[in-house]
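Chains as they are written, first to last, in this note's numbering: chain Z, 1474 to 1747; chain P, 45 to 188.
The hints are simulated quantities; they were obtained by calculation from the structure and are not laboratory data. Wrong hints could be hidden among the right ones.
Claimed, not checked - Which chain P residues stay away from chain Z? Per the calculated CB distances, all over 10 angstroms, these: (1) E79; (2) K91; (3) T92; (4) R101; (5) D103; (6) E104; (7) H113; (8) R136; (9) E137; (10) E140; (11) G142; (12) S148; (13) V159; (14) P170.
What the hints assert, rightly or not - Between beta-carbon pairs, the in silico distance windows are: (15) Z:H1523 to P:K117: 52 to 58 angstroms; (16) P:T69 to Z:R1740: 56 to 62 angstroms; (17) P:Q48 to Z:E1726: 33 to 39 angstroms; (18) Z:I1642 to P:G142: 29 to 35 angstroms.
Glycine is no exception: its CB is placed at the ideal position from the N, C-alpha and C atoms.
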Amino acid sequence: MPVVTLSSDSHPLGREIAVRAATALGYDCVDREILSAVADRHDVPETDLHKALEESPSPFGISSKNHARYLAYIEEATLAVLLKDHVVCSGLAAHLYVRGISHVLKIRILADPQKLAGEISSGRTPSFEKVSALLKRRERFRRRWSLAAYRVDETDPSVYDMVISLTRIDPDEAVQTIVETTGYRKFQPMTYSLKCLKDKALASRVRVALIDRFPDVRVQADGSSVVVQTKALEREKQKKTEVIKKLAGEFPEVAAVEVQILPDIFRKAAESFR
Amino acid sequence: MAEQLEILLLDDEPIVGKRLKPALTKIGCNVEVFEDPRQALDRIHRKTFDIVVTDIRMDEIDGIEILEHVLRKSPRTKVIMITGYAMMEVAREAMEKGAYDFISKPFTPDDLRKVIAKAARALGSPIDSETADPAEPGGPAETQ
């Protein structure tokens, strides 16, 4: 059966629908409660992991380096859960990093704008104009966040297989629609899609192993081969390649590591001015 | 001994059939290999196969058309799609049209044997996919 990722402009609402869909399907529901284990495993504050999912990096908040690191930890843990199958996943931004996997049914739930505005403004009922402005600002913020974190605009409907607006559809109907859609043949797992998910999970594990030393690292896996990309100055190339090969090669599933070093033009330019 | 599984293997790259036929024969399958989709279709119209393994991207007739022809003639036949240009949308289209499974190239003969074994179980004719000797032709080298 397909895996379901559920994203929403309202996290509590997304969670509520996810729990109900999971119950109806007999699946597990995975939400932000896994962040506590992630925090313990990597010895980082759990609140920072929550912040990484809600806030963009800023000089007064989470640094870009930590933001990428925390999201990498969350991605690794989430993909490990998705590999177990029979899961509805919400609140962990999975829809942004499991794109291209055919047995992952990606659903977006849009809250009723009036209710969402009430939720954002702590229960007060603002005027229509204020609601509109508030929601537009929030949408802009989420667009910026998702583009910065995953280069994907999460407010773009084409990211999802299905978008359900709860202005006109009630939550029971939404759950029923999700359950029915999981039965469609096109969303059933196949050897290819399971391999894609496995590749992503392995890439995310290798990335986590490298990200402390190489914050800009990108990793792709294909079976037992991984390709690692990072930036370096000419004189660092050899050393970085050796370290990456050693760290990535420690995974028993990895048989071959290709390291692609891209020129670090900003550091090179900075050095030339010294 | 259970009856032999009848398999048709269609790929316009000769190396694919050459590598996979011995691997599948070893696990007790009777394999007919085709490189020309028209000849394969002609054979499909004359004989009912248990499993059809077909490439998706071929000149003149693509794998999706083969899938449709096979299932129109014999809905119980399991059709396994293989492709070197795997994409989510193609995979979903194939599954929607009734493909049993979808594998991306490169894959090893062992990968295909596992899928064939799964299809055989679904057909009620289980086979032992572990019989092949990896050192023999059709062993673990990848099919591109």
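These are the hints, each one checked on the structure:
Residue placement check: P:E79 keeps its beta carbon more than 10 angstroms from all beta carbons of chain Z (closest about 23 angstroms). With a closest Cβ-Cβ approach of about 26 angstroms to chain Z, P:K91 is found to remain outside the 10 angstroms limit, as its non-interface label requires. Its beta-carbon lying about 22 angstroms from the closest one in chain Z, P:T92 satisfies the requirement of being farther than 10 angstroms from that chain. Taking the minimum C-beta to C-beta distance to chain Z, about 14 angstroms, the non-interface status of P:R101 holds against the 10 angstroms cut.
Residue-level check passed: P:D103 sits 23 angstroms from the nearest beta carbon of chain Z, beyond 10 angstroms. For P:E104, the condition that its CB be more than 10 angstroms from all CB atoms of chain Z holds, with the nearest at approximately 24 angstroms. Taking the minimum C-beta to C-beta distance to chain Z, about 18 angstroms, the non-interface status of P:H113 holds against the 10 angstroms cut. Against the 10 angstroms criterion, P:R136 falls within the reach of chain Z, whose nearest CB is about 4 angstroms from its own CB.
Non-interface call for P:E137 relative to chain Z: violated, since the shortest CB-CB distance, roughly 7 angstroms, does not exceed 10 angstroms. Not every beta carbon of chain Z lies more than 10 angstroms from that of P:E140, the smallest distance being close to 4 angstroms; the non-interface claim is violated. With a least beta-carbon separation of about 7 angstroms from chain Z, P:G142 fails to lie farther than 10 angstroms from that chain, contradicting its non-interface assignment. The claim that P:S148 is not at the interface with chain Z is violated, since a C-beta of that chain comes within 10 angstroms of its own (minimum 5 angstroms).
With a closest Cβ-Cβ approach of about 6 angstroms to chain Z, P:V159 is found to fall inside the 10 angstroms limit, against its non-interface label. The beta carbon of P:P170 sits about 18 angstroms from the closest Cβ of chain Z, which is more than 10 angstroms, so the claim that it is off the interface holds. At roughly 56 angstroms, the beta-carbon separation of Z:H1523 and P:K117 lies within the given 52 to 58 angstroms, and the hint holds. A hinted range of 56 to 62 angstroms holds for the C-beta pair P:T69 and Z:R1740, which are about 58 angstroms apart.
Range check, P:Q48 to Z:E1726: about 35 angstroms between beta-carbon atoms, so the 33 to 39 angstroms window is met. Checked against the given bound of 29 to 35 angstroms, the beta carbons of Z:I1642 and P:G142, roughly 30 angstroms apart, stay inside it.
The structure shown violates the earlier hints numbered 8, 9, 10, 11, 12, 13.
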